[in-house]
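Please work from the sequences and hints to get the whole structure.
Heads up: the protein sequence lines correspond to chains R and V, in order.
Residues 320 to 566 in our numbering are what the first sequence lists, from first letter to last.
Residues 18 to 319 in our numbering are what the second sequence lists, from first letter to last.
Any given hint might turn out to be false.
[Said to hold, decoys possible] Facing chain V, from chain R, some residues (calculated, C-beta under 10 Å): (1) 321; (2) 405; (3) 502; (4) 503; (5) 506.
These aren't lab readings, by the way, just hints derived from the structure by calculation.
The beta-carbon is built from N, C-alpha and C at its ideal position, and this holds for glycine as well.
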Amino acid sequence: MTASLTMAGRSIRLSRRNLDLVIMAIMLPVLLMALFVYVFGGAISATASYVDYVVPGMVVLCTGYGASSTAMSVADDMKKGVVDRFRSMPISSFAVLTGHVTASVARNAVATFAVVLVALLMGFRPSASLGSWVLAMGLLLLYVLALSWLAAGVGVIARTVESASLLGFFMLFLPYLSSAFVPVSTMPAWLRVVSEHQPITPVIETVRALLNSQPASSGWLALAWSGGLLVVAFGWATWLFSRISRR
Amino acid sequence: MIVETEDLTKRYGSQTVLKGLDLKVAEGSVLALLGPNGAGKTTAIRILSTLTRPDGGSARVCGFDVVREAAAVRGVISLTGQYAAVDEEQTGRENLAMIARLRRFARSTAHARALELLERFDLVDAADRRVRTYSGGMRRRLDLAMSLVARPRLLFLDEPTTGLDPVSRTTMWDAIGDLVRDGVTIFLTTQYLEEADRLADRIVVLHNGEVAADGTADALKNSVGGTRLDLTFGSFEDASRAQAVVGGVVDGLRLSVPSDGSAAHLHRVLDDLLAARVSVLRVSTHRPTLDDVFTSLTAVAA
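The following block contains the structure:
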C-alpha cells in the first residue's frame with residue numbers, strides 16, 4: 320500500500336513537472352471546447368444548447384489524450400533502467416503501474432474540471448441534481464480507470480514511447496464515431512452499428528442524460544462496458560507486467 | 018556462499034547467452050565478471066537480481082532461490098544497472114527519499130537517510146536540483162546512493178563506470194572501495210580490465226556465455242607468462258644485432274627479452290649490449306596486464 324502510494328506520488332510529481340502533460344491536460348480541453356462550440360457548433364446544431372450537448376463528449380475526447388500520455392510515461396519507464404530498479408526491490412509488482420494509473424486518473428480529473436469550467440463560461444447550464452452529478456462523475460471515473468489500465472498495458476508492451484502514443488491516436492478517433500458531437504441518428508446505418516456498439520457512446524449518452532436531467536436509459540450498458548473493460552484491462556496489464564521477467 | 022549458481026543457462030531465441038554458468042561468491046568479497054559485449058555478463062546479473070528467469074540450472078542468492086524465492090532475494094540485494102536508473106525530473110533528494118519510502122522507511126527517517134547519503138556521496142549542493150541538470154558522474158553517484166538506501170548485503174553493479182570521464186571513474190572506484198570496507202559483497206561486471214584489477218578480489222572472465230578463466234588478477238597475469246624487458250633501438254640493424262647477443266623476440270625496432278624482473282638481470286643485459294657496442298635507446302619492464310590475459314584467453318576460445 321505504501322509502495323503504491325509512493326509510486327502514485329512519484330507519477331503525479333513527474334506529470335506536474337512535464338510541461339507537455341500539463342498543457343495537454345489543461346489547454347487542450349479549453350481549445351477543443353472553443354473549437355467545437357464556436358467554430359463547428361453553429362453548423363452542427365442551430366440550437367444554442369450545443370454546449371450542453373457536447374460537454375460529455377469533450378470530457379471523453381480528453382481522456383483519449385490522457386490515455387496516450389499514460390501509455391507514453393509507462394513506456395518511458397520500461398525503456399529506461401528505472402523499472403529494473405523497482406523490479407529488483409521488494410515491492411509489489413504492480414505498484415509501478417498503480418502509480419501511473421493513479422496519476423492518470425488525477426490528470427484526467429484536472430482535464431475534466433477544465434472542460435466543465437470552460438463550458439460554464441460558454442453558457443453550459445446543467446440542470447442536474449447533486450446526486451446526478453455524483454453518478455455522472457462516478458461513471459466517468461470508472462471509465463477513466465478502465466482506460467488508464469488499458470493505457471498502462473499498452474505502455475508495457477510498446478517497444479518505444481512513440482508506438483505507445485498510437486493508443487492516443489486510436490482513442491482520439493473513437494469519440495468521433497460515437498454520439499459525442501452529433502446524434503447517432505444522423506449517421507449512415509452501417510456507421511450507426513459501429514457507434515452504438517462501442518463503449519464511448521453509452522458512457523457519453525449516460526453522462527449527458529444525467530447532467531441534463533433526462534432518463535439515463537443506457538446507464539447499465541455504460542456501467543457494463545466500463546466495468547468489463549476495467550476488469551479485462553487490469554488483468555491484462557498486470558499479467559503483461561509479471562511476464563517481463565521471462566524476457 | 019552468498020551467490021551460488023549451478024549450470025545456469027539462458028537462451029534468447031536460437032542464441033544461447035549463458036551456457037551452464039557455475040559460480041560461487043563468498044560473502045564480503047568482490048567478484049568482477051569480465052568480458053566483451055555480448056559475453057553474457059548483463060544476463061547473469063539480470064538473472065541473479067531476479068529480473069530475468071533462467072532457462073536451465075539454478076541460482077541461489079543468500080540461500081534463496083532466485084526464481085522461487087524472488088521476493089526474499091530482493092530484500093537483501095540492490096542493483097545498479099548499466100544506465101543510471103534515476104528520475105530525471107525529480108531532485109536528488111526526492112529520488113533518494115522515494116526509494117527509502119519504497120523500502121518501508123517511515124517518512125521522517127526516509128528524509129534523514131536521504132540526507133545521510135547525499136552527504137556521503139558529495140551531492141548536498143545539488144540535492145534540490147533536478148537530476149536532469151546533473152553530470153554523468155553525479156548521476157552515477159546518485160544511482161549508487163539509491164542502491165544503498167536499505168544497506169544491502171549484496172550489491173550488483175552492472176558496468177558501474179562505463180561512459181564516465183577518468184576523474185568521475187576514480188571517484189566511483191573510491192566509493193565502491195568504501196563499501197567493500199563496510200563489508201558489502203559486490204558482484205560487478207566490467208569491460209575494463211583496469212577496473213577489475215583495481216576493485217576485485219577475484220575475476221571471472223566470461224566469453225561467449227562460458228567461463229574462460231577464474232582467479233585473482235595476479236594468478237591470471239601469471240598464467241600468460243612472466244615479466245619481460247622491452248628494449249628499443251634506433252635501427253632495425255641494431256635490434257637484430259642485439260637479438261644475436263641477448264636473445265628474445267624482435268618486433269620492428271623493439272626487442273622483447275624474458276626476464277625475472279630483477280635489477281641484476283637488467284644490468285647484465287645492458288652490460289652485454291654495451292660490450293657488443295649496440296646502443297639501446299629505451300628500456301622498459303613489462304609485466305603482463307589483464308589485457309594480455311584477455312587477448313590470449315579470447316583468442317584461444319574463439
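Verification of the supplied hints:
| no. | hint | result |
| --- | --- | --- |
| 1 | 321 | 7 Å, holds |
| 2 | 405 | 8 Å, holds |
| 3 | 502 | 43 Å, violated |
| 4 | 503 | 43 Å, violated |
| 5 | 506 | 44 Å, violated |
Violated hints, in rising order: 3, 4 and 5; the structure is consistent with all others.
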